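Going by the working numbering, the residue at position 51 of the sequence shown is 55; the numbering climbs one at a time, nothing skipped.
If you're looking for bench data, these hints aren't it; they were derived computationally from the structure. It should be emphasised that the depicted structure is a prediction, and the values quoted were computed from it without experimental measurement. C-beta: ideal position from N, C-alpha, C; glycine also. Mixed in with the good hints there might be a few duds.
Unchecked claim - Label pairs and their computed distance ranges (CB to CB):
hint, residue 1, residue 2, range
1, Glu67, Gly92, 35 to 41 Å
2, Asp116, Ser141, 44 to 50 Å
3, Asp94, Thr58, 28 to 34 Å
4, Ser141, Val115, 36 to 42 Å
5, Lys52, Arg137, 27 to 33 Å
6, Thr103, Arg136, 31 to 37 Å
7, Gly86, Ser144, 28 to 34 Å
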Amino acid sequence: MAEHRNVYVDMVGDLFHPGHVALLRAARAFGGRLIVGVLSDEVVARYKRKPIMTLAERVAVIEACRYVDVVLPNAPYRVTNGFLDLHGIDVVVHGDDLTADALKEVFGPVVDGGKLRLVRYTTGVSTTELIRRCRASAPSSGGAATS
5 MAEHRNVYVD MVGDLFHPGH VALLRAARAF GGRLIVGVLS DEVVARYKRK PIMTLAERVA
65 VIEACRYVDV VLPNAPYRVT NGFLDLHGID VVVHGDDLTA DALKEVFGPV VDGGKLRLVR
125 YTTGVSTTEL IRRCRASAPS SGGAATS
């Protein structure tokens with residue numbers, strides 16, 4: 005029956021990397037159709053930092069991932085049962101890196117309804133780590149960068 009279920013993941017998807025791919029691959033295993041909500045720059049800036057890539061760039065890269073069937077730009081920060089019903093979503097998947105408070109804040113109704121599945125967070129690669137690597141490899145002199 006899982007092959008007919010619609011699965012939902014929300015994400016920022018900034019500097020799309022292997023950790024994002026691992027999440028999407030794991031989420032796809034819960035059903036036959038993967039719907040990915042991409043959070044807006046404004047939403048992300050409120051709790052994290054402004055993404056480096058624009059929303060359009062992030063959507064384009066996520067749409068190109070073979071595990072993804074549908075991308076919803078400007079996804080809501082708080083996932084409600086109404087949102088799930090509107091999009092025919094049966095199960096929501098997220099990495100296991102959220103605190104209990106964050107789970108309640110973002111996925112409260114989904115958790116209460118038994119529709120949230122957590123998958124192992126991919127360690128060793130993250131957008132924050134990629135940004136750190138870029139900063140570490142940037143020339144320290146005030147000279148102009150070349151491409």
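### Query
Quick check: which numbered hints come out false for this structure?
1, 5, 6, 7
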